[in-house]
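Visitor: Now for the letters of each chain:
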Amino acid sequence: MSIRKLLIANRGEIAVRIIRAARDLGIATVQAHSDADADSLAVRLADDAVNIGPPQAAKSYLNIKAIVEAAQEAGADAVHPGYGFLAESSHFADAVEAAGMAFVGPRGETIRMMGDKVAARTAAMNAGVPTVPGSDGRIDDVGETEKLAAEIGYPVMIKAAAGGGGRGIRIAHDAKEFAHFFQLAQTEASSAFGDGGLYVEKVIEDARHIEVQVLGDGTDVVHCFERECSLQRRRQKVWEEAPSMAVSPEARAMLCASAVALAKSVNYRGAGTLEYLYDDTTGDFYFIEMNTRIQVEHPVTEWITGIDLVAEMLRIAGGEPLRLKQDDIVSRGHAIEVRINAEDPANDFLPFPGVVGTLSVPGGPGVRFDTMLYSGYAIPPFYDSLLGKLIVWGDTREHAIDRLKGALSELDVPGVKTTVPLYTALAGDADVRANAVHTRWLEHWLESNAKQL
Amino acid sequence: MSIEIFSPLPGTFYRKPAPDQPVYKESGDAVAKGDVIGLVEVMKTFYEVKSELDGHIDVFLVENEDPVQAGQPLAKLKG
Numbered sequence: 001m002s003i004r005k006l007l008i009a010n011r012g013e014i015a016v017r018i019i020r021a022a023r024d025l026g027i028a029t030v031q032a033h034s035d036a037d038a039d040s041l042a043v044r045l046a047d048d049a050v051n052i053g054p055p056q057a058a059k060s061y062l063n064i065k066a067i068v069e070a071a072q073e074a075g076a077d078a079v080h081p082g083y084g085f086l087a088e089s090s091h092f093a094d095a096v097e098a099a100g101m102a103f104v105g106p107r108g109e110t111i112r113m114m115g116d117k118v119a120a121r122t123a124a125m126n127a128g129v130p131t132v133p134g135s136d137g138r139i140d141d142v143g144e145t146e147k148l149a150a151e152i153g154y155p156v157m158i159k160a161a162a163g164g165g166g167r168g169i170r171i172a173h174d175a176k177e178f179a180h181f182f183q184l185a186q187t188e189a190s191s192a193f194g195d196g197g198l199y200v201e202k203v204i205e206d207a208r209h210i211e212v213q214v215l216g217d218g219t220d221v222v223h224c225f226e227r228e229c230s231l232q233r234r235r236q237k238v239w240e241e242a243p244s245m246a247v248s249p250e251a252r253a254m255l256c257a258s259a260v261a262l263a264k265s266v267n268y269r270g271a272g273t274l275e276y277l278y279d280d281t282t283g284d285f286y287f288i289e290m291n292t293r294i295q296v297e298h299p300v301t302e303w304i305t306g307i308d309l310v311a312e313m314l315r316i317a318g319g320e321p322l323r324l325k326q327d328d329i330v331s332r333g334h335a336i337e338v339r340i341n342a343e344d345p346a347n348d349f350l351p352f353p354g355v356v357g358t359l360s361v362p363g364g365p366g367v368r369f370d371t372m373l374y375s376g377y378a379i380p381p382f383y384d385s386l387l388g389k390l391i392v393w394g395d396t397r398e399h400a401i402d403r404l405k406g407a408l409s410e411l412d413v414p415g416v417k418t419t420v421p422l423y424t425a426l427a428g429d430a431d432v433r434a435n436a437v438h439t440r441w442l443e444h445w446l447e448s449n450a451k452q453l
Numbered sequence: 001m002s003i004e005i006f007s008p009l010p011g012t013f014y015r016k017p018a019p020d021q022p023v024y025k026e027s028g029d030a031v032a033k034g035d036v037i038g039l040v041e042v043m044k045t046f047y048e049v050k051s052e053l054d055g056h057i058d059v060f061l062v063e064n065e066d067p068v069q070a071g072q073p074l075a076k077l078k079g
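As you go down the protein sequences, you meet chains A and B in turn. First residue of the first sequence? That's 1 in my numbering, and the numbers climb one at a time after it. First residue of the second sequence? That's 1 in my numbering, and the numbers climb one at a time after it.
Take the hints with a grain of salt, since some may be wrong.
Result set (DSBU-like, lysine-lysine): computed pairs, CA atoms no more than 30 Å apart in a straight line [what the hints assert, rightly or not]:
#1 B/Lys-33 <-> B/Lys-76
#2 B/Lys-50 <-> A/Lys-417
#3 B/Lys-16 <-> A/Lys-65
#4 B/Lys-50 <-> A/Lys-59
#5 A/Lys-5 <-> A/Lys-59
#6 B/Lys-50 <-> B/Lys-25
#7 A/Lys-451 <-> B/Lys-76
#8 A/Lys-451 <-> B/Lys-78
#9 A/Lys-59 <-> B/Lys-16
#10 B/Lys-33 <-> B/Lys-50
#11 B/Lys-16 <-> B/Lys-44
#12 A/Lys-264 <-> A/Lys-176
#13 A/Lys-405 <-> A/Lys-451
#14 A/Lys-65 <-> B/Lys-76
#15 A/Lys-5 <-> A/Lys-325
#16 A/Lys-59 <-> B/Lys-76
#17 B/Lys-78 <-> B/Lys-16
#18 B/Lys-44 <-> B/Lys-33
#19 B/Lys-78 <-> B/Lys-50
#20 A/Lys-59 <-> B/Lys-78
#21 A/Lys-59 <-> B/Lys-33
#22 B/Lys-78 <-> A/Lys-417
#23 A/Lys-417 <-> A/Lys-405
#24 A/Lys-59 <-> A/Lys-417
#25 B/Lys-78 <-> B/Lys-25
#26 A/Lys-65 <-> A/Lys-5
#27 B/Lys-33 <-> B/Lys-78
#28 B/Lys-76 <-> B/Lys-25
#29 A/Lys-202 <-> A/Lys-176
#30 B/Lys-16 <-> B/Lys-50
#31 A/Lys-176 <-> A/Lys-147
Incomplete in silico selection of chain B near chain A, CB under 8 Å [as the list claims (entries may be wrong)]:
#32 Leu-9
#33 Pro-10
#34 Thr-12
#35 Glu-26
#36 Ser-27
#37 Gly-28
#38 Val-42
#39 Met-43
#40 Lys-44
Worth flagging that the hints you see were computed from the coordinates, not collected in a lab. No experiment lies behind these values; they were computed from the predicted model shown. For each residue, glycine too, the CB sits at the ideal point set by N, CA and C.
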């Protein structure tokens with residue numbers, strides 16, 4: 001049964017992206033929105049819109065009951081959760097399906113399993129996917145774990161089983177620190193996540209962040225190659241590209257095969273991403289977690305493969321088997337995405353909501369701008385600072401970086417400070433051009449360069 | 001002397017450091033210059049709102065979790 005009417009339970013640029021994919025497939029759209037988003041671009045573009053509550057996300061975009069009721073009243077037969085908010089809430093997925101609608105994503109049980117970092121790690125090990133050396137499961141006894149930490153070698157990370165997105169992590173450099181942090185982490189994890197479960201992993205120094213995009217229909221799984229997202233600030237990605245120039249063809253084949261094996265072992269349904277750390281010096285890769293949703297940086301994969309990932313998600317949720325065979329999916333050229341945030345990079349990335357003047361948007365061959373902005377739009381302060389994503393494509397990585405520079409020079413968001421100056425500087429940086437980066441490179445770079453942005 | 005404390009940024013105002021913790025200050029509480037009286041969340045980042053003088057809080061002008069504008073008065077202070 002294909003989807004006829006879709007409720008979009010998200011906002012911002014991803015809501016706009018989902019509306020466009022639905023429109024391509026002839027699916028009617030209903031945009032759920034808070035009081036603060038009544039004038040949003042997504043509301044303007046959707047066929048219909050429904051108010052789900054006050055500006056605060058907890059009372060609107062995180063309100064499962066309000067969203068499910070709105071979807072039923074609107075006559076929707078499916079709900080797309082986007083990313084963030086309820087995208088990885090198994091309760092939400094369950095509630096949508098219990099109300100007789102399709103959830104555009106995996107089953108609730110898959111979200112639950114992958115959301116528990118220890119269960120995900122166990123699933124990876126069972127599927128033969130390399131994981132970061134560490135504990136085989138949750139750990140309780142500090143003495144026993146101290147022995148294990150000494151075995152795998154300091155520094156080690158103490159992580160909360162229920163954490164994610166960089167939260168709930170402490171790094172111990174020796175046994176004394178370990179004992180101290182272990183107690184702290186247990187208390188923190190139970191108060192922050194309602195679950196004091198911990199596990200331990202070796203710290204892979206100066207690693208790259210590589211992730212593999214997969215699509216599954218509940219039986220079959222294909223991969224759409226990898227992305228590299230090593231340029232991060234406070235564990236948040238800012239610049240993403242595909243393919244990764246750091247992995248060899250052999251390593252790529254192994255990485256992608258491992259992602260398919262893991263997704264298949266859990267009968268994965270929908271679009272998902274398996275995140276890995278990649279050690280340049282040894283060529284080893286280690287699974288860290290799976291994101292059971294569409295990701296912010298999906299367009300770089302779309303550009304090198306020509307696949308509309310959001311449209312494929314909608315087809316799968318409508319009950320279609322995978323249309324793509326692995327051999328049909330080929331990679332061409334190089335794509336880069338940068339996240340345009342309403343933040344002042346010269347002032348410790350201070351958030352900068354405001355009213356947009358006359359917007360100038362870049363264009364031309366190899367340039368795509370996914371955004372929620374329009375001229376005169378008042379950016380609300382209640383949500384994250386992502387305004388849009390500038391994505392460029394070139395025959396080669398160098399060509400893509402050159403196009404990025406040109407496109408950035410055409411982009412103007414008057415009235416608001418944005419991260420554009422950061423990317424202009426990075427596009428001209430020798431290390432970035434040489435791809436000599438790792439996940440902590442950007443923070444070091446900012447220490448000496450942020451003030452000049 | 002009566003003076004108002006203004007929100008430095010637009011966002012959401014919180015009177016508590018975390019949902020399960022007590023409020024920073026009650027009406028009538030004494031405050032010293034630099035004391036935190038609440039938080040403003042803007043784009044998922046939290047900023048502390050501090051008193052600019054010694055005195056006590058006369059009244060809060062916005063509720064916990066209310067949306068606020070930049071420059072909006074949050075509380076009245078008596079010096």
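Visitor: Run through the hints listed earlier and report the numbers of any the structure violates, in increasing order.
Guide: Hints 7, 8, 12, 14, 20, 21, 22, 35, 36, 37 are the ones this structure does not satisfy, whereas the remaining hints hold.
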